[in-house]
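Asks: Chains as they are written, first to last, in my numbering: chain A, 1 to 390; chain B, 1 to 390; chain C, 1 to 390; chain D, 1 to 390.
It is possible that some hints are incorrect.
Copies of one chain are not kept apart here, so a pair can be met inside one copy or by any two copies together.
What the hints assert, rightly or not - Below are the EDC-like pairs computed for lysine to aspartate or glutamate, each with C-alpha atoms no more than 20 Å apart in a straight line:
| id | residue 1 | residue 2 |
| --- | --- | --- |
| 1 | K33 | E186 |
| 2 | K381 | E45 |
| 3 | K375 | D159 |
| 4 | K375 | D112 |
| 5 | K238 | D253 |
No wet-lab data here; the hints were simulated from the structure.
Chain by chain, the residues run as shown.
Number of protein chains: 4
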Amino acid sequence: MPDPDLSAVKAALTAQRIETPSWGYGNSGTRFKVFAQPGVPRTPEEKLDDAARVHEHTGVAPTVALHIPWDRVEDYGALAAYAQERGLRLGTVNANVFQDDDYKLGSVTHPDASVRRKALSHLLECVDIMDATGSRDLKLWFADGTNYPGQDDIRARQDRLAEVLSEVYARLGDGQRMLLEYKLFEPSFYTTDVPDWGTAYAHCLRLGPKAQVVVDTGHHAPGTNIEFIVALLLREGKLGGFDFNSRFYADDDLMAGAADPFQLFRIMYEVVRGDGLSEAAGIAFMLDQCHNIEPKIPAIIRSVMNVQEATAKALLVDREALAEAQRSGDVLGANAVLMDAYDTDVRPLLAQVREESGRDPDPVAAYRRSGWAEKITEGRKGGQQAGWGA
Amino acid sequence: MPDPDLSAVKAALTAQRIETPSWGYGNSGTRFKVFAQPGVPRTPEEKLDDAARVHEHTGVAPTVALHIPWDRVEDYGALAAYAQERGLRLGTVNANVFQDDDYKLGSVTHPDASVRRKALSHLLECVDIMDATGSRDLKLWFADGTNYPGQDDIRARQDRLAEVLSEVYARLGDGQRMLLEYKLFEPSFYTTDVPDWGTAYAHCLRLGPKAQVVVDTGHHAPGTNIEFIVALLLREGKLGGFDFNSRFYADDDLMAGAADPFQLFRIMYEVVRGDGLSEAAGIAFMLDQCHNIEPKIPAIIRSVMNVQEATAKALLVDREALAEAQRSGDVLGANAVLMDAYDTDVRPLLAQVREESGRDPDPVAAYRRSGWAEKITEGRKGGQQAGWGA
Amino acid sequence: MPDPDLSAVKAALTAQRIETPSWGYGNSGTRFKVFAQPGVPRTPEEKLDDAARVHEHTGVAPTVALHIPWDRVEDYGALAAYAQERGLRLGTVNANVFQDDDYKLGSVTHPDASVRRKALSHLLECVDIMDATGSRDLKLWFADGTNYPGQDDIRARQDRLAEVLSEVYARLGDGQRMLLEYKLFEPSFYTTDVPDWGTAYAHCLRLGPKAQVVVDTGHHAPGTNIEFIVALLLREGKLGGFDFNSRFYADDDLMAGAADPFQLFRIMYEVVRGDGLSEAAGIAFMLDQCHNIEPKIPAIIRSVMNVQEATAKALLVDREALAEAQRSGDVLGANAVLMDAYDTDVRPLLAQVREESGRDPDPVAAYRRSGWAEKITEGRKGGQQAGWGA
Amino acid sequence: MPDPDLSAVKAALTAQRIETPSWGYGNSGTRFKVFAQPGVPRTPEEKLDDAARVHEHTGVAPTVALHIPWDRVEDYGALAAYAQERGLRLGTVNANVFQDDDYKLGSVTHPDASVRRKALSHLLECVDIMDATGSRDLKLWFADGTNYPGQDDIRARQDRLAEVLSEVYARLGDGQRMLLEYKLFEPSFYTTDVPDWGTAYAHCLRLGPKAQVVVDTGHHAPGTNIEFIVALLLREGKLGGFDFNSRFYADDDLMAGAADPFQLFRIMYEVVRGDGLSEAAGIAFMLDQCHNIEPKIPAIIRSVMNVQEATAKALLVDREALAEAQRSGDVLGANAVLMDAYDTDVRPLLAQVREESGRDPDPVAAYRRSGWAEKITEGRKGGQQAGWGA
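The whole structure should be built from the sequences, with the hints applied where relevant.
Replies: Structure representation (C-alpha cells):
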C-alpha cells in the first residue's frame with residue numbers, strides 16, 4: 001500500500017481549485033425535454049449564491065465560470081463585488097455564438113462575412129467583460145460545422161476560423177488567455193470545425209502562447225485515450241484547462257467521474273506527473289456539466305468531490321516504485337503500483353483534509369443539513385428560471 | 001452490368017410506399033438551439049398539406065405518421081377525411097410518454113405505479129385514436145432509462161415494461177399491431193430500457209404475433225451491422241418496420257441515405273432478399289427524421305428519393321449470379337455482383353418510373369417550380385409553429 | 001460506509017469459483033507478433049501444473065477449461081486424473097472450428113455441406129471428450145462470418161447454423177450444456193454469424209434449456225452496456241456463463257478488470273442482484289484471455305483477484321438502502337449507495353478471507369516467493385511451447 | 001448531372017499513380033489463422049512479377065512499396081533493375097521495428113536505450129536502402145505503446161520517440177522524406193505512442209519540411225471524419241501520403257473502398273479540392289492492405305480501381321456550382337451537387353480512359369483471361385511463401 005509523504009498530499013489537496021459553471025446551477029435537458037427543478041436560480045446573482053454553498057462545503061471551488069449572454073448583467077464590477085462578498089471570484093468567461101438565428105450555418109466560420117463579424121464582435125465583448133471581471137480566461141467553444149457532405153468548404157472554414165481567432169487573440173490583454181475547446185460532434189453532425197485536440201493545437205500554436213487547448217472530457221470519439229492527450233499537451237506546454245464531466249455514450253453531462261472513475265484517475269495522474277497541479281502550470285480545472293434529472297447543487301458538490309478523490313489517488317501513486325518498475329520492464333509490477341493507489345479508499349484522507357480546514361468531513365451531508373435546498377425551493381418562486389436559453 | 005427483368009423492378013418501385021412523419025414538417029433542433037424556419041405548419045392539417053406535396057411529387061408517400069399529443073385534434077375522423085381529400089391516409093400512431101414532468105425518471109418503467117398508469121393510459125388512448133383513424137400500427141419508443149449506475153433497478157424496470165406492454169397488447173384490435181422501437185441511448189445516458197434489437201425481440205416474442213420490432217437506422221452502437229439485424233428479424237418473422245434516417249455520429253436526424261448510402265443499399269438488399277417489399281410482409285417503411293437546418297419539404301422529398309434509389313439498386317442485384325458466386329466460394333465475384341448493382345446510376349430508371357406514372361422525373365425540381373415554398377412562407381405567418389413541444 | 005452481514009459476504013467469496021483457460025498459460029500474441037516467454041508449458045499436463053499454482057494461491061480456481069485440439073490427448077480420463085492429483089478438475093470444453101484450411105470461409109455456416117459436416121463432427125467429438133472428462137459445458141464460439149458485402153447469404157448462414165446447433169444439442173447428455181458465445185467481429189470483418197447477445201439468445205431459445213448464452217466481456221460494440229445484458233439474460237434464465245477479460249479498444253485479451261474496474265463491478269452487481277452467484281444458478285465464471293507481454297501465471301492470478309474484488313464490492317452494496325433510494329426516486333442517493341461499495345477498499349477483506357482459508361493474504365507475492373517461475377524457466381527448455389497453433 | 005471538362009478529368013485519371021505494397025502479394029491473416037493461398041510469391045522478385053500484372057492491367061500502379069526485412073535482398077540495385085525490366089520502380093521503404101523479440105515493450109520508445117539504438121540502426125539501414133533503390137519516402141509506423149495503465153511513462157516515451165526521429169531525420173538526403181503514420185491501437189492495447197494525426201503532426205512540425213504525416217484510412221477511432229483530417233493536413237502542407245484500405249470495425253485490411261465507398265469519395269474530393277493530385281503536391285497514394293481470404297492479385301486490381309472510381313467521381317464534382325451553393329447557404333443544393341457526382345456511374349469513363357491508353361477496359365476480366373493465376377499456382381510450388389513473418 002502506498003506510503004508517500006502524506007503532508008505533501010494533503011497540502012496539494014488543500015491547494016486544489018475547481019471552478020464550477022454558472023449554467024450548471026440552471027435548468028438543462030436534452031432535445032426531448034427540459035425538466036424544470038424547484039429552487040433554480042433566476043439571476044446570475046442567485047447562481048452565485050448557490051455556488052457559494054458549493055464552496056462553503058468543499059472549500060475548493062471559489063471561482064465561478066460565466067456564460068455570456070446567459071449571465072449578462074449591466075454592471076460586471078458589481079457582479080464581481082457580489083461574488084467577493086460571498087467568498088467567490090468570477091472565473092472564466094464563456095462565449096456563446098450558437099444561439100442566435102444568424103448562426104444556423106455557423107458563426108466564426110459562417111460563409112457570410114457579416115455573420116462572422118457579428119460573432120467576432122461578441123467575442124471581443126467577452127474580452128471587455130473579462131477586463132471588468134478580472135477574469136483570466138476566455139473559453140471558446142464553437143458549435144460551427146456542417147450537417148451534410150458538401151454543405152460548406154472544410155478548408156475555407158478553417159481559414160475563416162483562423163482569421164477570427166487571430167483578431168480575438170490580438171485583443172487579449174496581459175495575463176489574459178484564450179482557451180480553445182474541441183468537440184467531436186454536436187450540434188454539427190457531419191463536420192465540426194474544431195473536432196479534436198490536433199485542430200485546437202494547430203490553431204493555438206499559430207496564435208501564440210496566450211492560446212491554449214482545453215480538454216473537455218466528454219468530447220472525444222469512442223476509444224480515445226484522453227490521458228494520453230493530457231500528457232502530450234502538457235509536454236507541449238499547451239494544456240490550458242479542463243472541462244470535467246462524464247458520459248457513457250455521446251453526451252457530456254453526467255457528473256465528473258460518474259461513468260468511469262478509473263479514467264478520471266488516469267487523467268489526474270498525468271496532470272500530477274506533468275506538474276500540472278501547481279499554480280505555475282496555470283491549468284484551469286473546471287466543471288462543465290449540467291444536471292438534467294438530479295438536484296443541481298449536491299450534484300456539483302459530488303462532482304467536485306469526485307475530482308478531489310481522483311486527485312488524491314493520483315497523488316498517492318508511489319512514483320519512485322513506478323519509475324523503477326517501468327525502467328525494468330516489469331509490466332505487472334508497474335501496473336500494480338498504479339492500481340495500488342487507485343484501489344485505496346481516499347475518502348478518509350479527504351475527510352481529514354476537510355476537517356483540518358474547519359469544514360464538515362462530508363460535504364453532501366452538510367449541504368443536506370444546511371436547509372439551503374428547502375430555502376431556495378421556498379424563496380425562488382415566480383420569475384424566469386435560468387436555463388440554456390435555447 | 002446487371003440486366004434483370006426491368007419491368008418487375010419498375011413494378012416494385014411503383015408499388016413501394018414510404019411513410020413520412022408529421023413531425024418532420026415541423027421545427028426541430030438540438031439541445032443547443034431550435035432554428036425556426038419560415039412557412040412551417042401550425043396545425044396537423046397544415047402538416048398534411050405539406051405531406052401532400054411530397055406525395056404529389058414522389059408518388060410513393062401516401063401515408064403520414066401521427067405523433068400524439070403533437071397531432072392531437074378533436075375529431076380524428078375529420079382529420080382522416082382531410083387527409084383523404086388530399087390523396088393521403090393517416091398512418092402509424094406514435095405515442096409520446098417522455099414530455100410530461102411526471103416522466104423525468106421514466107414512464108412505463110417508472111418506479112412509481114401511478115406514473116406507469118398514466119403512461120399506460122396514454123398508450124391506450126393512442127389505440128383509441130388508431131380505431132378512429134384506421135391506422136394499423138402503434139409505434140412505441142420509450143425514453144425510459146437511467147443516467148447513473150444504481151439509479152434504478154435494471155431488472156425491475158424490465159418487469160414493469162413487460163406488464164405495461166401486455167396490457168397495451170391486449171387492447172389491440174384485429175389488424176392492429178404494436179411496433180416496438182429500440183435505441184441505444186438518449187435521452188437516457190446510462191441504461192435505456194429497450195436499448196437493442198434483442199431486448200425488443202424478447203419482449204415481442206412473449207407478447208405474440210401482433211408485436212413486432214421496428215428498426216430505426218440511427219439507433220445503434222458504432223459498428224453495428226444493421227443489415228444483419230434486418231436479415232435476422234425477417235427470418236424470425238419479427239420485422240415490423242423501419243424508421244429511416246441517417247447519422248455520422250450519435251444523432252439520428254440526417255436525411256435517410258445521406259451519411260452512408262452504401263449501408264442503406266445493403267439494408268434494402270436484405271429486405272428484397274427476405275421478400276420484405278411485398279405487401280404480404282407487412283413491413284412499414286417510414287422516415288423518422290427532422291430537418292434542423294435544411295428546408296423541410298425538399299429534404300423529405302430527397303429522403304424519399306434516397307430510399308427509392310437504394311431500393312432500385314437492391315432490386316437490380318443479379319441474384320442468380322450472386323447465389324452462384326456465393327455457392328462456389330468466389331469472394332471477389334460475389335462482392336462484385338453486389339457492387340455492380342450499387343455502382344449503377346439508377347436515377348434514369350427512377351425518372352422513367354415517375355414519368356410512366358405521369359409525374360415529373362425530378363421531384364425536387366418540380367417542387368421548387370411549384371411555388372409551394374413561397375406560398376407557405378407568405379401564408380403561414382403568425383400562429384404557433386409546430387415543433388417537438390419540448 | 002456499507003455495513004452488511006460480513007459473514008455472508010465472506011461465505012460468498014469463499015464459495016466463489018473462477019475457471020482459468022488452458023490457453024492462457026500458453027504463448028499468444030497479435031497478428032503482428034507472438035512473443036514467446038520462458039517457461040511456457042509444452043503439454044496439457046504442464047498447463048495443469050501452472051493452473052494448480054493459481055488455485056494454490058487463490059483458492060478459487062479449481063477448474064481449467066480445455067481447448068480442443070490444442071489440448072487433445074490420447075486419454076482424457078488420464079488427464080482428468082492428472083488434474084485431480086493436483087487439486088483441479090477439467091472444466092468447460094472449448095471447440096475450435098477456425099484453424100483448419102477448410103474453414104477459410106466458415107465452419108458450421110460454410111456454404112459447402114461437407115465442410116459443415118466436418119465441423120459438426122468436431123463438435124460431436126468435443127461432447128465425447130466431455131463424457132470422458134466429466135465436463136458440464138461445451139463452449140461454442142464461431143469465427144464464422146464474411147469479410148465483404150455479398151460474400152455469402154446472411155440468412156442462409158443462419159439456417160445452416162441452426163441446423164448444426166440442433167444436431168449438437170441433440171447429442172448433449174443429461175447435465176451437459178451448450179454455451180453459445182457471441183462476438184461483434186474478428187476474425188470476420190463484415191458479418192459475424194453470432195455477433196450479439198440477441199442472436200445467441202434467439203438460437204438458444206429455440207434449442208431448449210440446455211442451450212445458454214455466454215457473455216464475453218470483450219465482445220461488444222463500443223458503448224454497449226454489458227451489465228444490462230447480464231441483467232436481461234438472468235431475467236430470461238438464459239445466462240450460462242462469462243468469459244472475463246478486458247479491453248480499451250477492440251481486442252479482448254487484457255486482464256479482467258484491468259481496463260474498466262468499475263464496469264466489472266457493475267456486472268458483478270447484476271450477478272449478485274440476480275442470484276447468479278449461487279450454485280443453483282449454474283453460471284460458469286471463466287477467464288478467457290491471453291497474456292501477450294506480461295508473465296502468464298501472475299497475470300492470471302491478478303485477473304482472478306480482480307474478479308474477486310469486483311465481487312466483494314458487489315456483495316457489499318447495501319441493497320436495502322439502494323432499493324429505498326430507488327423507490328423514492330433519489331437519483332443521487334441511489335447512485336451514492338452503489339458508489340459507496342465501489343469506493344471501498346476490499347483488499348483487506350479478501351486478505352482476511354484468504355487467511356481464514358489458510359492461504360497467504362497476498363497471492364501474487366506468495367507466487368513470486370514460491371520459486372515456480374524460476375523452476376519452469378529452468379525446467380521447460382526444449383520442446384514445443386504451447387500456443388494458439390495459428 | 002455534372003458536365004465538367006472531361007478531357008481534364010481524363011488527363012488527371014491517366015496521370016494518377018497508386019503504389020501497391022509488396023506485402024499485399026504475400027500471405028496474411030488474423031491472430032487466429034493465416035490461410036495460405038496457392039501461387040503466393042516466395043521472393044521479392046516474385047512479388048514484383050505480380051505487381052507488374054497489376055500495373056499491366058490498370059496502368060496506374062508502376063511503383064511497389066518495400067517492407068524491410070520482409071523484402072531484404074543482397075543487392076537492392078539489382079532488385080531495382082529487376083523492377084525496371086518489368087516496367088516498375090521501387091517505391092516507399094517501410095521499416096519494421098516490431099517483430100524482433102527485443103521489441104516486446106517497444107522499439108524507438110523502449111525504456112532500454114540499447115533497444116532504441118537497435119531500432120534506430122534499422123531505421124538508418126532503411127535510409128541506406130532508399131539510397132540504393134532511389135526511393136523517395138521512408139514510411140514509419142511504430143507498434144510502440146503499452147497494454148496496461150502504468151506500464152510505462154507516456155511522456156517519457158514521447159521524448160524517446162522525438163529523439164530517435166530527429167536522428168533519422170538528420171540522415172535523410174536531399175529529396176528524401178519521412179512519412180510518419182499514426183494508428184489508434186493494435187498491437188498496443190492501452191496507449192499507442194503515435195495514436196492520432198495530431199501526435200504525428202506535432203512531431204513532423206518540429207522535425208521540419210521533410211517530415212510529413214501519412215493517413216492510413218483504417219487507423220482511426222470510430223466516427224472520426226477522415227476527410228476533415230485530409231483537408232487540414234493539406235492546408236498545413238503536412239500531408240505526405242495515404243495508406244488506403246478499408247474496414248467496418250477495427251481492422252484495416254479490407255480492399256480500399258469496400259466498406260464505405262462514399263467515404264473514399266469524400267476523401268478524394270478533399271484531395272482534389274486541395275490540389276493534392278498534382279505531382280507538385282508530392283502526395284504518395286499507396287495501398288496498405290492484405291488479402292486474407294480473397295485472391296491477392298485481383299483484390300489489389302479491384303482496390304486500385306476503387307481508388308480510381310472515387311477519384312473520377314471527385315473530379316466530376318461541379319466545383320463552381322458547389323461554391324455558389326455553399327456561398328448562398330443552400331444546404332440541400334450544395335449537398336446535391338456533391339451527390340450528383342457520387343451517384344454518377346464512372347465505370348464507362350474509366351473504361352474509356354483505359355482503352356485510350358491501349359489497355360483492356362476491364363482489368364479484372366483481363367487478368368482472369370491472362371492465365372497468370374494458373375501459371376503461378378502451377379509454377380510456385382515448394383519454397384517458403386512470403387508472409388508477414390510474424
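Asks: Is it within, between, both or neither when you check K381 against E45 at 20 Å Cα-Cα?
Replies: within (15 Å within a copy, 38 Å between copies)
Asks: Between copies, within a copy, both or neither: which fits K375 and D159 at Cα up to 20 Å?
Replies: Classified as neither; 51 Å inside a copy, 38 Å across copies.
Asks: From the Cα coordinates, with 20 Å as the cut-off, is the pair K33 and E186 best called within, between, both, or neither?
Replies: both (17 Å within a copy, 11 Å between copies)
Asks: I want to check one pair: K375 and D112. Are their C-alpha atoms no more than 20 Å apart within a copy, between two copies, both, or neither?
Replies: Neither: 49 Å inside a chain and 27 Å across chains, both beyond 20 Å.
Asks: Given a CA cutoff of 20 Å, do K238 and D253 count as a within-copy pair, a between-copy pair, both, or neither?
Replies: neither (25 Å within a copy, 35 Å between copies)
Going down the numbered hints, you'll see the structure goes against 3, 4 and 5, while the others check out.
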